[in-house]
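There are 4 protein chains.
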Amino acid sequence: MSSSIGKLFRLTTFGESHGLAMGGVIDGCPSGFEIDFKQIQEFLNKRRPGSSAIYSERNESDQVEFLSGILDGVTLGSPIGFIIKNSDQKIKDYSSCRDVFRPSHSDYTYESKYGIRDYKGGGRSSARETVNWVVAGAIATQILSFKKIYIYSYVSAVGDIILDQHYSKLDLNNIYNNNVRCPSQKTAFLMEDLISTCKQKGDTIGGQVSTIIKGLPVGLGEPVFNKLNSGLAKAIVGINACRGIEFGSGFTGSSRKGSEENDQFFVDSNSIKVKTNNSGGIQGGISNGQEVFFKSAFKPVSSIMQKQSTVNNKLQQVDLMPAGRHDPCVVPRAVPIVSALTAIIVLDYYLLSKTTKLSDL
Amino acid sequence: MSSSIGKLFRLTTFGESHGLAMGGVIDGCPSGFEIDFKQIQEFLNKRRPGSSAIYSERNESDQVEFLSGILDGVTLGSPIGFIIKNSDQKIKDYSSCRDVFRPSHSDYTYESKYGIRDYKGGGRSSARETVNWVVAGAIATQILSFKKIYIYSYVSAVGDIILDQHYSKLDLNNIYNNNVRCPSQKTAFLMEDLISTCKQKGDTIGGQVSTIIKGLPVGLGEPVFNKLNSGLAKAIVGINACRGIEFGSGFTGSSRKGSEENDQFFVDSNSIKVKTNNSGGIQGGISNGQEVFFKSAFKPVSSIMQKQSTVNNKLQQVDLMPAGRHDPCVVPRAVPIVSALTAIIVLDYYLLSKTTKLSDL
Amino acid sequence: MSSSIGKLFRLTTFGESHGLAMGGVIDGCPSGFEIDFKQIQEFLNKRRPGSSAIYSERNESDQVEFLSGILDGVTLGSPIGFIIKNSDQKIKDYSSCRDVFRPSHSDYTYESKYGIRDYKGGGRSSARETVNWVVAGAIATQILSFKKIYIYSYVSAVGDIILDQHYSKLDLNNIYNNNVRCPSQKTAFLMEDLISTCKQKGDTIGGQVSTIIKGLPVGLGEPVFNKLNSGLAKAIVGINACRGIEFGSGFTGSSRKGSEENDQFFVDSNSIKVKTNNSGGIQGGISNGQEVFFKSAFKPVSSIMQKQSTVNNKLQQVDLMPAGRHDPCVVPRAVPIVSALTAIIVLDYYLLSKTTKLSDL
Amino acid sequence: MSSSIGKLFRLTTFGESHGLAMGGVIDGCPSGFEIDFKQIQEFLNKRRPGSSAIYSERNESDQVEFLSGILDGVTLGSPIGFIIKNSDQKIKDYSSCRDVFRPSHSDYTYESKYGIRDYKGGGRSSARETVNWVVAGAIATQILSFKKIYIYSYVSAVGDIILDQHYSKLDLNNIYNNNVRCPSQKTAFLMEDLISTCKQKGDTIGGQVSTIIKGLPVGLGEPVFNKLNSGLAKAIVGINACRGIEFGSGFTGSSRKGSEENDQFFVDSNSIKVKTNNSGGIQGGISNGQEVFFKSAFKPVSSIMQKQSTVNNKLQQVDLMPAGRHDPCVVPRAVPIVSALTAIIVLDYYLLSKTTKLSDL
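Protein chains in written order, with the working numbering: chain F, 1 to 361; chain D, 1 to 361; chain B, 1 to 361; chain A, 1 to 361.
It is worth saying that the hints were derived from the structure and are not from the lab. Careful, some of the hints might be misleading.
[To be verified] The calculated BS3-like cross-link candidates involving lysine-lysine, where the alpha carbons are at most 25 Å apart (straight line), are: (1) K275/F with K201/D; (2) K201/B with K354/A; (3) K201/A with K275/B; (4) K357/D with K273/F; (5) K273/A with K7/D; (6) K307/A with K273/B; (7) K357/A with K314/B; (8) K275/B with K354/A; (9) K148/D with K354/A; (10) K257/B with K199/A; (11) K275/D with K314/D; (12) K186/D with K257/F; (13) K257/A with K199/B; (14) K357/B with K314/A; (15) K199/B with K186/B; (16) K169/D with K7/F; (17) K314/F with K46/D; (18) K186/B with K354/F; (19) K357/B with K357/F; (20) K199/A with K186/A; (21) K169/B with K275/B; (22) K85/F with K85/A; (23) K314/F with K199/D; (24) K199/A with K357/D; (25) K307/B with K275/A; (26) K214/B with K273/B; (27) K307/A with K147/D; (28) K354/F with K307/B; (29) K7/F with K273/B; (30) K147/A with K357/D; (31) K199/B with K214/F; (32) K214/A with K357/D; (33) K307/F with K85/D; (34) K257/F with K201/D; (35) K354/B with K7/F; (36) K275/A with K354/D; (37) K85/A with K307/B.
[Said to hold, decoys possible] Some chain F residues near chain D, calculated using beta-carbon distances under 10 Å: (38) A21; (39) S61; (40) Q63.
Since this is a predicted model, take the numbers as computed values, not measurements. Each residue gets a CB set at the ideal place from its N, CA and C atoms; glycine is no exception.
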């Protein structure tokens with residue numbers, strides 16, 4: 001059950017980092033939607049490394065091939081099968097990992113759990129898998145756009161450099177105008193500088209990604225065990241290197257008083273709005289028509305270009321020498337990944353919300 | 001699908017705050033386990049309000065009645081049905097809420113989503129629902145204890161009072177020795193004092209709950225979309241008033257470097273251990289045999305004893321006068337709830353992990 | 001996962017034959033529907049034994065208590081919890097079954113699978129469980145009726161007495177005008193006579209139930225693994241004593257030629273109809289707007305009032321003496337059960353069908 | 001949710017008859033199993049048409065390409081992605097079907113449900129999809145064989161030619177010794193003759209497939225809504241052209257008496273056996289350690305080589321001229337398909353059964 005996400009709009013994936021191909025099946029995609037393939041490829045390109053000095057040097061063209069579910073560009077309602085071939089594999093880079101458990105990687109846990117492990121590039125645990133999410137997320141994003149629902153993710157922190165402006169003060173169209181994917185050009189420079197410094201030292205650095213969903217109608221979310229925040233949390237926390245998620249005022253808000261935190265309702269042009277949005281657009285697990293806002297934390301990439309002490313599968317202490325091609329900071333590439341997963345989840349909840357009220361049926 | 005949690009060990013619940021009863025069905029509970037009913041009631045008592053001045057004054061005895069699935073105290077493997085009758089309902093307290101949307105409550109989202117709303121005590125959105133989780137969680141806890149897996153949750157922050165000791169320095173047997181459920185008696189006093197002050201002002205205050213899972217074997221977690229952290233995040237973030245979750249070093253760790261964050265492996269008495277546990281016991285979504293550690297953030301309770309401005313369902317601006325019985329701070333009562341949900345999730349993953357390797361089958 | 005049925009309209013049940021109560025949770029029931037409680041009780045009464053000499057003598061009042069999900073008779077969209085207390089338990093009737101495996105019962109398989117067994121009245125394997133299905137089925141039936149979808153089940157065979165008229169020639173309003181639930185009064189007499197004869201000899205007799213769904217729109221069914229026939233087959237075959245199901249011309253049609261079996265389309269009043277309905281209203285797993293028709297086969301009740309040779313749990317050969325109260329023929333009581341399950345499945349597919357086309361969203 | 005089958009061993013598929021490729025993802029395959037790829041191809045070859053005059057003339061090589069989940073021939077426990085390219089497509093054969101609804105096909109139901117239809121070769125509704133099932137079924141069969149569980153399917157009827165010997169009297173190793181896949185060579189001749197006669201007349205003929213599962217341990221099946229028979233019925237009834245299923249003595253047994261039908265237990269070499277197997281190896285939805293036996297009915301193929309009257313999507317009456325390449329009788333090719341689905345279901349239940357008893361955990 002582990003390789004599927006979503007209930008009605010449902011993605012099932014496969015693929016190891018250095019296997020023949022990545023791929024998946026998108027089931028439950030509504031029929032009759034005309035897909036913009038160019039936009040899908042653009043979304044994939046945003047996830048691709050290799051486009052800047054601050055990224056990993058692995059260079060995959062990430063050309064997606066759709067094998068089913070689409071007729072003359074229009075969705076049939078049948079499952080959309082797709083593959084993305086792996087081409088730029090440098091397997092010998094990983095020969096040193098065959099028997100060694102890299103620190104803070106999943107080598108040890110995979111080998112223990114399954115009794116066998118594809119050591120090449122992390123196998124199934126590699127972030128290469130996220131290319132599958134972006135394919136499905138790109139389609140979900142297009143359908144949501146058709147419904148006037150828009151998702152914006154951006155880097156809001158790299159190391160101790162924090163973008164502390166409220167999202168309403170940011171021009172979210174600027175996100176992809178720099179390599180870091182931070183809508184403030186000024187902060188982006190500082191972040192890029194910090195990443196470069198880390199890379200030069202063979203080190204890596206963590207960061208945070210913020211996400212805003214605009215245009216979401218009231219009523220998405222399925223209490224009590226499938227709330228909108230629950231569904232988003234499950235997906236986002238599952239991203240490689242993600243360590244946490246918070247909605248609205250989050251951890252900061254947990255130190256405040258009710259009189260400070262409560263979002264007062266008021267009426268504006270015949271619709272209900274809130275004076276503040278500390279709830280992050282979700283109340284009781286259901287979207288309230290405001291902007292949904294959440295932040296996710298990413299640890300620094302575990303693959304550092306420094307010698308480390310670790311253990312091999314014969315329980316011997318060994319030195320791990322640096323190898324492979326890795327990002328010095330994962331958050332710029334995490335931006336489209338967070339957006340893609342968010343789109344998958346939101347579209348799924350959108351479909352679920354259509355079967356709630358008798359009067360809608 | 002919204003009222004069920006878990007895949008193999010699966011809880012399905014029902015109940016509104018001021019309805020006749022809460023209850024649920026626990027499906028997939030392993031057969032042949034002798035239940036300690038006294039321990040279940042003790043677990044329920046920890047969740048009950050009314051036992052201290054810092055709690056809500058609603059007084060429910062929370063006597064659970066088991067209706068099936070158990071023969072002479074031993075689980076049959078068939079579904080365990082149970083109910084907890086609601087008795088101390090003061091419905092008239094809520095008559096003012098019938099048409100009014102309380103700020104930061106789910107009145108507005110429920111009414112919009114369903115076109116109808118049980119206004120009495122929040123109906124389905126009330127934290128009264130958590131009594132169901134505790135019943136299932138208490139059983140899961142007992143089964144996990146039988147397997148030497150133990151869960152400890154405690155309050156680690158109330159407002160700006162933060163327990164900043166590492167969990168390894170705390171005596172986790174002290175958690176329930178005070179009303180706040182903080183293992184440091186000294187910090188507990190400060191927290192209780194802050195809560196009392198808030199209560200006197202008719203205000204509420206947020207806080208944080210930390211959780212440690214000890215004795216977890218290596219190998220729990222189902223990549224890539226059902227990682228152990230994903231499952232825990234989905235459950236915990238769905239708790240009423242929960243705003244976020246972080247694993248291991250979490251948001252703090254996201255500002256650090258790889259060379260600082262990586263958990264170095266070493267060998268101790270023929271088993272693999274880590275020098276630090278910044279990963280919080282989970283790598284690649286799978287438990288690594290270390291202590292699993294996560295923290296969750298809770299907003300201040302939305303029901304404050306102060307006049308607030310809000311909106312009714314005729315889109316009129318109205319004043320909301322305080323009513324009902326509410327906790328000034330939710331986190332002490334959230335402690336057993338977080339533990340209970342954690343137990344449900346961990347037992348479910350434990351069962352799932354038994355079907356992975358051919359050599360185990 | 002075994003105690004739940006349905007994906008969007010989802011029933012989860014519990015209860016052993018001689019436990020305190022049966023019950024369940026109906027999740028995903030559309031909000032805003034006004035329930036007719038009297039009709040639910042009438043549906044339950046149809047399933048009750050005790051109302052005729054051809055039935056078991058166990059006498060349960062089968063009063064359902066709804067505990068949640070309904071406000072002033074209207075569904076809230078939250079889960080509907082319910083219980084039906086067991087009252088007329090004669091446990092001592094079953095003391096002889098404690099260690100003995102009754103032939104063609106599930107005593108042996110339950111004890112082997114779970115290592116423990118509630119021997120009283122068959123425990124979880126008893127047809128008493130079907131009372132839960134009727135509660136949910138009665139609600140589903142009402143919602144379907146609101147949508148002009150009607151389900152008719154009736155006895156079409158008892159032993160070698162077969163009702164061989166096509167359903168279109170029968171007056172389906174007559175079904176409950178006799179104890180056997182056969183719409184032909186003449187055939188009903190013969191069937192009742194046969195059942196009485198069997199009962200007098202301490203024997204039992206099998207039979208068949210036919211079902212017609214009228215008013216079903218085109219488009220219900222989710223290919224390829226969740227076809228409408230697949231969903232119905234899964235549910236119906238799971239009924240106690242059910243041994244098979246066939247759609248349309250079924251097994252008989254499997255001996256025919258394509259030129260005989262094909263259902264020719266024609267146009268009538270601007271809609272597409274078929275000259276024959278050998279497909280039973282389903283093509284490619286999707287309803288085609290015609291009447292859905294299927295037949296299910298039920299073995300004779302295994303509890304006969306004759307001495308039988310069998311085995312106990314010490315692997316000793318023993319004689320089993322007749323005990324308990326049992327129906328001589330299960331099919332008359334199976335009629336409302338088949339209808340109820342059919343209603344649950346059809347409503348579930350109805351909801352699923354609402355999220356297929358982009359133009360509907 | 002429609003394109004996935006199984007809970008723990010789970011297949012998700014995609015592909016249209018004349019699209020680029022068929023394919024799927026097998027999730028939850030136990031790790032550490034060494035796959036025999038040659039056996040998989042042999043299984044696929046059994047499903048292939050083109051190997052005899054009684055089959056369709058479409059000629060696909062059906063070479064499966066595995067893209068993930070396997071390292072050096074051994075399963076990794078990660079999802080197994082695979083594709084089978086479509087090559088022998090004669091799309092122009094189907095141009096006449098673009099606007100026309102073929103009788104007893106799913107053209108009309110697909111177009112109504114989705115608002116769009118891939119008319120080429122039936123698109124998603126084509127039996128070409130079953131190639132995916134055979135890939136997963138072949139792997140499941142190998143794992144089951146390793147556990148000494150064996151599945152035998154064979155043709156037991158073509159038209160009115162019925163193989164009326166009990167399965168225990170048949171040499172099941174003879175099944176694939178003739179084109180019809182009937183273990184009695186004598187009956188196979190008669191069947192082949194009948195199929196040839198039908199083909200010459202441009203007609204088609206229905207039939208039945210019987211299945212025996214040997215070596216199944218006691219305890220597979222998850223009551224009450226996921227019984228072993230329920231799971232098998234759901235899968236088998238979903239096969240293209242399948243119209244019904246019966247277990248054990250099935251419809252015939254439904255005309256008998258309890259005293260005739262009951263399967264008497266006896267003890268043989270310290271294990272419990274039954275004198276007859278009218279239950280078909282399943283009691284209370286759980287395997288009882290005897291041979292599981294069921295029969296499935298298949299209608300005649302709808303594509304006949306005769307002129308037929310039908311309707312197009314402009315609601316006009318039109319003549320349909322024969323086109324495409326089709327089997328005159330589907331049951332010989334259904335044999336490996338039934339076996340494959342049975343293997344998928346049985347392996348899934350096998351895994352589920354491993355988490356039932358506390359003493360097994």
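Holds or violated: K186/D with K257/F, Cα cutoff 25 Å? holds, 22 Å
Just to be careful, I want the Cα atoms of K147/A and K357/D compared with a cutoff of 25 Å; is the pair within it? The given pair, whose Cα atoms are some 14 Å apart, holds under the 25 Å limit.
What's the verdict on K307/A and K273/B, does the C-alpha distance respect the 25 Å limit or exceed it? Answer holds: K307/A to K273/B is near 19 Å, not above 25 Å.
Does K354/A sit within 25 Å of K275/B, going by the straight-line distance between their CA atoms? Not satisfied, since the Cα-Cα distance of roughly 50 Å exceeds 25 Å.
With the threshold set at 25 Å, check whether the alpha-carbon distance from K199/A to K186/A stays at or below it. At roughly 20 Å apart (the allowed maximum being 25 Å), K186/A and K199/A satisfy the hint.
K201/B and K354/A were given as a pair; does the straight-line alpha-carbon distance stay at or below 25 Å? Not OK: K201/B and K354/A at ~43 Å, beyond 25 Å, violated.
Holds or violated: are the alpha carbons of K257/B and K199/A at most 25 Å from each other? Roughly 11 Å separates the two Cα atoms, so the pair holds.
Given the proposed pairing of K257/A with K199/B, does the C-alpha separation stay at or below 25 Å? holds, 11 Å
Pairwise hint evaluation, K273/B against K7/F, where the allowed Cα distance is 25 Å at most: This hinted pair is violated, its Cα atoms lying about 34 Å apart.
Within 25 Å, alpha carbon to alpha carbon, are K357/B and K357/F? Holds, because 18 Å separates the two Cα atoms, which is no more than 25 Å.
Agreement of K275/D and K314/D with the hint, judged by alpha carbon distance not exceeding 25 Å: violated, 60 Å
Run the distance test for K199/B versus K214/F: straight-line Cα separation, threshold 25 Å. Not satisfied, since the Cα-Cα distance of roughly 69 Å exceeds 25 Å.
Of the numbered hints listed earlier, those contradicted by the structure are 2, 4, 5, 8, 11, 16, 17, 18, 23, 24, 27, 28, 29, 31, 33, 36, 37, 38, 39 and 40.
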